[in-house]
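Asks: What follows is each chain in one-letter form.
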Amino acid sequence: MLQINNLHASINGKEILKGINLTVRDGEVHAVMGLNGAGKSTLSNVIVGHPAYEVTSGSITFDGKDILSLKPEERAREGIFLSFQQPVEIPGVSMVNFMRAALNAKRKYQGLDPLPAGDFLKLMRERRKIVELDSRLTSRSVNEGFSGGEKKRNEIFQMAMLEPKLAILDETDSGLDVDALRIVAEGFNKLRTPQTSAIVITHYQRLLDYLKPDVVHVLIDGRIVKTGGPELAAEIESRGFDWIKAEIGNSVTPL
Amino acid sequence: MEDKNKFVREVAEKKYEYGFTTDVQTDIIEKGLSEEVVRLISEKKQEPDWLLQFRLNAFRYWLTLEQPTWGHLKMPEIDYQAISYYADPTQKKQSTGDIDPELMKTFDKLGIPLEERMALAGTAVDAVMDSVSVKTTFREKLQEKGIIFCSISEAVREHPDLVREYLGSVVPYRDNFFAALNSAVFSDGSFVYIPKGVRCPMELSTYFRINARGTGQFERTLIVCDDDAYVSYLEGCTAPMRDENQLHAAIVEIVVKERAEVKYSTVQNWYPGDSEGKGGVLNLVTKRGHLRGANSRLSWTQVETGSAITWKYPSCVLSGDGSQAEFYSVAVTNNYQQADTGTKMIHIGKNTKSTIISKGISAGKSQNAYRGLVKVASTADGARNYSSCDSLLLGSQCGAHTFPYMDVHNETAVVEHEATTSKISEDQLFYLNQRGIDTEEAVSLIVNGYAKEVINKLPMEFAVEAQKLLGVSLEGSVG
Amino acid sequence: MKAEKQYIDFYQEVRFRLTSRSPEEMNLQREEALRTFAAKGFPSRKVERYRYANVEADFAPNYGIQLAPLSGTLPSHCFRIADAEPRIRALYNKVADTADSIVALNTMLCVDTLVVHVPKATRVEHPIQISNVLKGEQDTMVCRRILVVMDEMAEADIIITDRAASGNRFLTNQVIEVVMEEGAHLSLYEVEETHLLCTRYSNVFVRQGKNSTLHHSNLTLFNGHTRNRLDVLMQGEGSEVTANGCVIADKMQHVDNNTLIEHLVPNCQSHELYKYVLDDSAVGAFAGKVLVHEGAQKTSSKETNANLLATRTARMYTQPMLEIYADDVQCSHGSTVGQMDETALFYMRQRGIDEKEARLLLKAAFITEVIENIPLESLRDRLHVLVDKRLRGELSKCEGCKLCK
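Chains as they are written, first to last, in my numbering: chain A, 425 to 679; chain B, 544 to 1022; chain C, 2 to 406.
Where hints are given, some of them may not hold.
Heads up, simulated SDA-like pairs for lysine to any residue below, C-alpha to C-alpha not over 20 Å straight-line [unchecked claim]: (1) C/Lys-47 with B/Asn-719; (2) B/Lys-887 with C/Thr-337; (3) C/Lys-299 with C/Lys-357; (4) B/Lys-995 with B/Ser-842; (5) B/Lys-966 with C/His-294; (6) A/Lys-489 with A/Val-479; (7) C/Lys-303 with B/Ser-968; (8) C/Lys-357 with A/Leu-494; (9) B/Lys-896 with C/Lys-303; (10) C/Lys-303 with C/Lys-357; (11) C/Lys-121 with C/Phe-80; (12) C/Lys-299 with B/Gly-907; (13) B/Lys-896 with C/Thr-337; (14) B/Lys-739 with B/Arg-802; (15) B/Lys-617 with C/His-294.
So, partial list: chain C residues that the calculated Cβ filter (under 8 Å) puts toward chain A [stated by the list, open to error]: (16) Ser-132; (17) Ala-345; (18) Gln-351.
Listed next, with one range per pair, are the computed distances between beta-carbon atoms [what the hints assert, rightly or not]: (19) A/Ser-598 with C/Glu-373: 28 to 38 Å; (20) C/Glu-33 with B/Pro-611: 30 to 40 Å; (21) B/Val-1007 with A/Ser-598: 44 to 54 Å; (22) C/Lys-41 with B/Ser-931: 35 to 45 Å; (23) A/Pro-540 with C/Lys-47: 52 to 62 Å; (24) A/Arg-663 with B/Glu-969: 57 to 67 Å.
Source of the hints: derived by calculation from the structure; they are not laboratory data.
For every residue, glycine included, the Cβ atom is placed at its ideal position computed from N, Cα and C.
Can you build the whole structure from these sequences, using the hints too?
Replies: Dropping the structure here:
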């Protein structure tokens, strides 16, 4: 589904990603772990086409299509969804108008007619339940006055509405209490199909306990330095990252 | 903290303490203003012809102008023919080069020691009384670094090329009525030149004093800070208590080159007039800095407590890309004082940034206005301005006014302005009263807290003086 | 004095036609108005309140002047001035700033006055709609005069719309005088949807009595050159005013809102919110002064002006002013000029929304705050639609007009 080859990217002239290679197949959940500043959020921003980041070399293909030349909205319509680490508040834009614009843009891209208003509202109601999002919130402006947990739930709600093929969860667990984390994670699991994949960016094991990743990557200083199964996440949880750094230090300096 | 309270209380009990006069023999020219007077001033100062022509051009232009009326001020009629435009208190001993002991005493009394051994650590002083610079300290030490710090009269004699290059280049004589007047008759003031790459090792300070009766002071300050240089400059002012108004129309010009930084701090404590509004200095000043070089910085910090009328807008022209300017101001008015003060930030270069923090405090029957302009030219991509203008009212008969102007011609600019006006918080006063602090002192404490953001920008020695002044100026304003 | 002369000459020429068609209350004011106008002429930019206008140029073109009195059936509570009660007629030109030469010009040349009079303790259920449709074969100047009198505890909503039905030049000179007695409630809405060749000078003067509440919204959705002045005199304790405005301008449009709110007595509240979205080479100006007189204690006032610039050639001048002579007050103003929130823009694009559509949604969202302040629900809904259409460039254009494309 997603193929990243030797990806280099920088912001304001500073190189953050220094050669990322990553392949995500249909139905897989990949976890990306690493310390602050390792480049985790940069990776997710580059995949979705944030204009502040410049890709200096390498490639990203999605379902065989080169997406680097696509605009952010086109990548979204191809089926890539980012659950933002800090979802922005957009006063004055109602959730309903926002979701309708997004959903219909995708439908148009797929050659479908806009969803009739009644069906759309019904879909909103259904999907809201998946993350137990209060109707009070969906009648407000986008994220305006939402608590941290509500914002994260709102992200998963939007994911439920847009039904992406690839979801990127950027520290969706940060700022969530245990119950909210469970609701978000269970909501996410309900939406999974054998065709949908996910990249989960996190510092901690706890979200992964729910999401059960197939592959775990460790990102240090702009490179994936170690890849393993779920047991790697558990090991990081108990031992931290230093041992991995030491491992790299002992090996031949990677390119 | 307790010491500070005591300190504030002590000074709060004092009246205007700089109101004495100095009895020195002063060479004053006849009252009145004419081309002859302009020529006479130039002659007394033995100026070169180009400077005489500069003065004459300014004078002729001034004749075509009318005094501006746009300020939120009730200006008494100024009779420009009833003022003497030149007063020299150093005349007596000029031949020997020594300073009259009376003058030394005066500056001592003002806390401005002219003897270098007595000086505040790390401050070089240029003392100006009436029209003439009395003494500049630490000159030799500064000279070692190539820094020029002297009176502008000396600079004209000794560094004519520098003066000629920069004089009037930031504030042209055509700028406004008072700028034209100053350019015609300016007497003395300081000249500073910091060469490339030099950080001035001490604070430079000018102390202005009006002494002689019926004179005006028209000083002129010119500061040039070359590439990568730095200077912090302080200006202090006082005047004796006299019944009539004294006119003070100064010009300060600052040129800041690439990556250079200038900090200009003023504590203005000209005589504000008595509690009936009689007398006091009319402080009508044009101050402007030109940030010519890329990434240059300029900050104006002012504490304005004196003068019967203040008309003053220290401004910045941000031409250099990435240049940054700041304006921090506290203006206190009491009794019948009137202040119309603020700044202009003119953004021309790309990614220029300016900050305006203004705190007005009005008491008695005074009027205190902030007036400011933020202009973003179409060339100033990425310009940023933040302005915050707060007014505090201490009394029901005073006025606090805010007149900001914002002209934005570039879509990438972000300009933000906020202002609030409110009275001193009853809750805060009561809280302090309950802790045993009397109201007057409580007010002084609250006002000092309110002004802290600005006071903190002042160099240490000045900050203490400024705090004292806030207490004194507000004496009797509550209760 | 060239621009002024054509109006003075015209007045001299039609004086008798005017006076024969108008009631005494109007005629008695004309000569004084002529003297004011002749003496002062059109204000230059040096006059502080006209800093951002170009009055002489706006009035210079040779316009035909409409001299028709009001006709047709008027809605309830609305009268031609000649049919109003004498005490109401007597209020004519008593609230307006008669020293202003544009007001004077209106007083000189106006033929009729629409009076809206809501009697004591009367609540007018349906909004009173006054729609002005500019139409004519030739370039036309319209002098419009409205007098609104709200008696004690009276309540009403008034919606005034300006539209143009033909593509020639129009110049509107409008004066609205409003007197609000104790406890009166008035919502006064003005919506302008004209075209690029329309110039509008609107002067609204309000006197508020004790515990009265005024809501004023002024929405400039499409125009040529517009200058809106609003002066509110809060004369009765406990009164409250909300002044709202929004401007959507592009091409070469010019919109200048100039407000003065005077707190004369204690315990009054004023709120102002003006928002501008400027595109292309549009020029916006906002100057709002809140003047708190001596003794007007416990005044609370908040003024906000926020502006969105979409291009380099658009310009915004903003000048929020506080002039305060009382100490026990809570007054603030804020003013911002900026551009769209790039983070929000990206967020929307990540959800698949076109950049263009996302920008449009954000512009509409920016204006929404002003519309949401409008108490009248039906108007609110209508305005949301109008704003959306305006931003999409689909605003219903006048028939046969090719100007606004």
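Asks: For the range 28 to 38 Å, tell me whether the beta carbons of A/Ser-598 and C/Glu-373 fit it or not.
Replies: Since the Cβ atoms of A/Ser-598 and C/Glu-373 sit about 33 Å apart, the hinted range of 28 to 38 Å holds.
Asks: Is B/Lys-966 within 20 Å of C/His-294, Cα to Cα?
Replies: This hinted pair holds, its Cα atoms lying about 15 Å apart.
Asks: Do the Cβ positions of C/Glu-33 and B/Pro-611 conform to the proposed distance bound of 30 to 40 Å?
Replies: holds (32 Å)
Asks: Run the distance test for C/Lys-299 versus B/Gly-907: straight-line Cα separation, threshold 20 Å.
Replies: holds (19 Å)
Asks: Given C/Gln-351 as an interface hint, is the shortest Cβ-Cβ distance to chain A below 8 Å?
Replies: Since the shortest Cβ distance to chain A is 5 Å, the answer is holds.
Asks: B/Lys-896 and C/Lys-303 were given as a pair; does the straight-line alpha-carbon distance stay at or below 20 Å?
Replies: Violated, at about 27 Å.
Asks: Has the given pair, B/Lys-995 with B/Ser-842, been kept, meaning a C-alpha gap of at most 20 Å?
Replies: holds (16 Å)
Asks: For the pair we were handed, C/Lys-303 and B/Ser-968, check the Cα-Cα distance against 20 Å.
Replies: Holds: C/Lys-303 and B/Ser-968 sit about 19 Å apart, inside 20 Å.
Asks: Hey, B/Lys-896 versus C/Thr-337, does the alpha-carbon distance stay inside 20 Å?
Replies: holds (15 Å)
Asks: Between the alpha carbons of B/Lys-617 and C/His-294, is the straight-line distance 20 Å or under?
Replies: Roughly 17 Å separates the two Cα atoms, so the pair holds.
Asks: Was the hint right that C/Ser-132 lines chain A, CB cutoff 8 Å?
Replies: Violated. Min distance 28 Å.
Asks: Next pair to validate is B/Lys-739 with B/Arg-802; report whether the Cα-Cα distance is within 20 Å.
Replies: holds (10 Å)
Checked against the numbered hints above, the structure breaks hints 3, 9, 10, 16 and satisfies the rest.
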